[in-house]
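> Sequence lines, in order, name chains D and P. Numbering follows our numbering, in which position 266 of the first sequence is assigned residue number 719; successive positions increment by one, without gaps. Numbering follows our numbering, in which position 362 of the second sequence is assigned residue number 1791; successive positions increment by one, without gaps.
Everything labelled a hint here was simulated from the structure, so no lab data went into it. Watch out, some of these pointers could steer you wrong.
[Unchecked claim] Derived DSS-like pairs (lysine-lysine); straight-line CA-CA distance at most 25 Å:
hint: 1; chain 1: D; residue 1: Lys715; chain 2: P; residue 2: Lys1847
hint: 2; chain 1: P; residue 1: Lys1484; chain 2: P; residue 2: Lys1522
hint: 3; chain 1: P; residue 1: Lys1476; chain 2: D; residue 2: Lys501
hint: 4; chain 1: P; residue 1: Lys1800; chain 2: D; residue 2: Lys682
hint: 5; chain 1: P; residue 1: Lys1509; chain 2: P; residue 2: Lys1486
hint: 6; chain 1: P; residue 1: Lys1607; chain 2: P; residue 2: Lys1636
hint: 7; chain 1: P; residue 1: Lys1800; chain 2: D; residue 2: Lys501
hint: 8; chain 1: P; residue 1: Lys1509; chain 2: P; residue 2: Lys1458
hint: 9; chain 1: P; residue 1: Lys1560; chain 2: P; residue 2: Lys1708
hint: 10; chain 1: D; residue 1: Lys628; chain 2: D; residue 2: Lys605
hint: 11; chain 1: P; residue 1: Lys1479; chain 2: P; residue 2: Lys1458
hint: 12; chain 1: P; residue 1: Lys1451; chain 2: P; residue 2: Lys1479
hint: 13; chain 1: D; residue 1: Lys682; chain 2: P; residue 2: Lys1636
hint: 14; chain 1: P; residue 1: Lys1476; chain 2: P; residue 2: Lys1486
hint: 15; chain 1: P; residue 1: Lys1708; chain 2: P; residue 2: Lys1557
Model, not experiment: these values are computed from the prediction.
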Amino acid sequence: MSFFKKLKEKFQSTEKTEQVSDKYKEGLTKTRKSFSEKINDLVARYRKVDEDFFEDLEEILISADVGVETVMDLIDELQMEVKRQNIKDTNEVKSVISEKLVEIYQGEDDEEIATLNLQEDGLTVILFVGVNGVGKTTTIGKLAHQLKEQGKEVLLAAGDTFRAGAIEQLNEWGKRVDVDVIKHSEGSDPAAVIFDAIQAAKSRNADVLICDTAGRLQNKVNLMNELSKIKRVIEREVPNGPHEVLLALDATTGQNALSQAKTFGEATNVTGIVLTKLDGTAKGGIVLAIRNELGIPVKYVGLGEQMTDLQQFDPQAFVYGLFADMMEEENLDS
Amino acid sequence: MAFEGLADRLQSTIQKIKGKGKVTEQDVKEMTREVRLALLEADVNFKVVKQFIAKVKERAVGEEVMESLTPGQQVIKIVKEELTSLMGGEESKINSADKPPTVIMMVGLQGAGKTTTTGKLANLLRKKYNKKPLLVAADVYRPAAIDQLQTLGKQLNMPVYSEGTEANPVDIANHAMKQAKDDHLDYVLVDTAGRLHVDNDLMDELKQIEQNVKPDEIFLVVDAMTGQDAVNVAESFNEQLNISGVILTKLDGDTRGGAALSIRAVTDKPIKFVGMGEKLDQLESFHPERMASRILGMGDVLSLIEKAQENVDEKRAKELEEKMRSASFTFEDFLEQMGQVKKMGPLDELLDMIPGANKMKGMKNLEFSDKQIGHVEAIIQSMTPQERMEPSIMNASRKKRIAKGSGRPISEVNRLLKQFEEMKKMMKQMTNMQQGKRGKKNKKMKGLNFPFM
Ligand SMILES: Nc1nc2c(ncn2[C@@H]2O[C@H](COP(=O)(O)OP(=O)(O)O)[C@@H](O)[C@H]2O)c(=O)[nH]1
Ligand SMILES: [Mg+2]
């Protein structure tokens, strides 16, 4: 109980966090409802904590796209815990379940929100990577808007020179959020675009340069090498750059998201994840597995197609959103 | 990330339950546990998996074990057959209207690949059926979606109908129909905006387009990497529209593609095509059996076989396979095989088809550009015949000489030697695997071999 009280108190402590968590709850209503409803259902349906119970729990987690391995590990741990504490009643196991899930999300380390590594002075370069159609360009538009609202001078680099209409797409976003876009023609060398954009950003004294890249499937060795090359150009031209390499992940993606995080991580040293399309019915549970297995933090979530539909990922708020019902119920209990 | 295929997973289980005449309940239980995990790892929806396993159990228990198989293999055979039949037959035909133009509507979630697939379909219609398509830009929402289709139209040299972003998609579709009739075009391909299946307003828009242009085909375009949510998406689109077929995109990735099975199971609509790359000619017919192997993690072995059979000299290939098995494979053979494989098409594409190959130690950093192959060839050609036959005699001074002769850094020579050893190990593994499961059905596999198999 105390665990949830602590968590809840934390959320009520400042108005700001409350707002954030409300936005989260709103954006994740579907996720939260279905997820916690299911766990409640489960608990209500079973009186005994037995094999069937765990099998059902396993299915709930799997249906949320939590990685198979993560789920299996979790179930093992739960079973051990249940044995250790000699829990027989399903109502009691509820808190153990959520506690373990929170643990997977947050790990041992701090509970802080993973923020962007923005430079105090000088240029910050952010590189976006990911497979085709996950929402890189859209997220760049949204992020540019957000940073601009914070008073930053932002510049975009149209590094997707491959896909038809990709340059125009970013350009359109540039117009929408009133930010300049550095571009070459379709089919030109993406590394050269990025190079030019860096020079432009320097000479204009821009605060943030956000670089778009073409979507690529992570098993295409040559294309992944191209990405490493782009990153090297940034490294060479900007001290300590790129300051962020953000991998866009589609929440609808299943187990392959793990392979994406792993391979893009190897090629470009991904510093954070943007989980897009969380406004759909997909649960995005793969984030759990990615954090658990690769340790890459999620920094933003995409909750729609408008420029304001980007929110900072707050693991606590996310977990709070997932388990809000359950926690409230527990408060009543105690 | 343990994405070993089912074949690997089952290896130990198979070993344990060898040599019985009938498949027992215990055999099935052990096997289906592994099958279940493999399917879940492949993103097949958990409900679909449940039904599937129940069916396999029912069929397998008590079944006579075929002579050439072990009980474990017998279960795999049943799994594979059930899976293949669930996948449906091969149906890559495109409906056509009694009176032209035939109308095809493309629908799906954001980022699924509708626009690219529209271009590919148009290309196929012209190339294979000699038809004249009109591309219709009905995505007025996503920035530059119209530009994207227009660019594809230009690449294909085909007409694109658009009215900008201010027009109503229903009107656009209606007007496009008139245009197609006036211009005597055979097909109208309507590219609609990506939308969430729970977005009622936008789903209504699709229904309206459907009512107005009465499409002969409505293709649901789905990303092959989709997870458990695939059932919700497919079910919802299928309920609200008259979906006639499914196109699976981005199958050139390393996803196992279990979504295909989920979608079939909940919609019962045929998967007609699969997208195999970003280029406009990379749309292929859907092969249920290949997809079944892929979901099971047996790789797209059949595709490889097909390609291999087209291009490889059977007799020479068989000799080489023998060598591989006896581990007497040399750099000389390697050189020859590279020549054969090069004929089959870009190497990285071929490699992508082999499950796990790009994750193998040593393979990962191999670049498969033609330039790179040239370097490898240069290095091998700088070896003496003896070195090619017996790489074990390699020492520092030999390596130095080879590096000099080929004009490549010594580190590259070292890397190749290491990779060659890795490959040999891998070949042995793979040939063992092949032998293991070579039943009557797999006769075709004979003669198949690559430097990396
Ligand atoms: N519903 C929803 N759609 C999104 C989100 N982010 C991106 N999209 C859509 O997904 C599609 C592909 O996005 P795009 O930015 O072009 O992907 P890219 O290929 O990775 O650059 C577009 O239709 C976007 O509008 C999101 O958070 N929610
Ligand atoms: Mg893009």
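> Next, verify each hint and record whether it holds.
These are the hints, each one checked on the structure:
Among the hinted pairs, Lys715 (chain D) with Lys1847 (chain P) is consistent with the structure: their alpha-carbon atoms are about 24 Å apart, no more than 25 Å. Taking the CA atoms of Lys1484 (chain P) and Lys1522 (chain P), the gap is about 30 Å. The hint is violated against a cut of 25 Å. The suggested pairing of Lys1476 (chain P) with Lys501 (chain D) holds, with an alpha-carbon distance near 23 Å, which does not exceed 25 Å. Our distance criterion of 25 Å between C-alpha atoms is met by Lys1800 (chain P) and Lys682 (chain D), whose separation comes to about 17 Å.
With a CA separation close to 13 Å, the supplied pair Lys1509 (chain P) and Lys1486 (chain P) stays within the 25 Å bound. A C-alpha spacing of about 20 Å is found between Lys1607 (chain P) and Lys1636 (chain P), which places the hinted pair at or below 25 Å, so the restraint holds. Taking the CA atoms of Lys1800 (chain P) and Lys501 (chain D), the gap is near 64 Å; set against the 25 Å cutoff, the hint is violated. For the suggested pair Lys1509 (chain P) and Lys1458 (chain P), the alpha carbons sit about 17 Å apart, so the restraint of at most 25 Å is met.
For the hint pairing Lys1560 (chain P) with Lys1708 (chain P), the CA-to-CA distance comes to about 20 Å; that is within 25 Å, so the pair holds. In summary, the hint linking Lys628 (chain D) to Lys605 (chain D) is supported, as the alpha carbons are separated by about 16 Å, within the 25 Å threshold. For the hint linking Lys1479 (chain P) to Lys1458 (chain P), the alpha-carbon distance of about 13 Å falls within 25 Å, and the restraint holds. Simply put, Lys1451 (chain P) and Lys1479 (chain P) have alpha-carbon atoms about 24 Å apart, close enough for the 25 Å limit, and the pair holds.
For the hint linking Lys682 (chain D) to Lys1636 (chain P), the alpha-carbon distance of about 46 Å lies beyond 25 Å, and the restraint is violated. Between Lys1476 (chain P) and Lys1486 (chain P), the direct Cα distance comes to roughly 16 Å. Compliance with the 25 Å bound is thereby established for this hinted pair. Between Lys1708 (chain P) and Lys1557 (chain P) the alpha-carbon distance is near 16 Å, which keeps this suggested pair within the 25 Å criterion.
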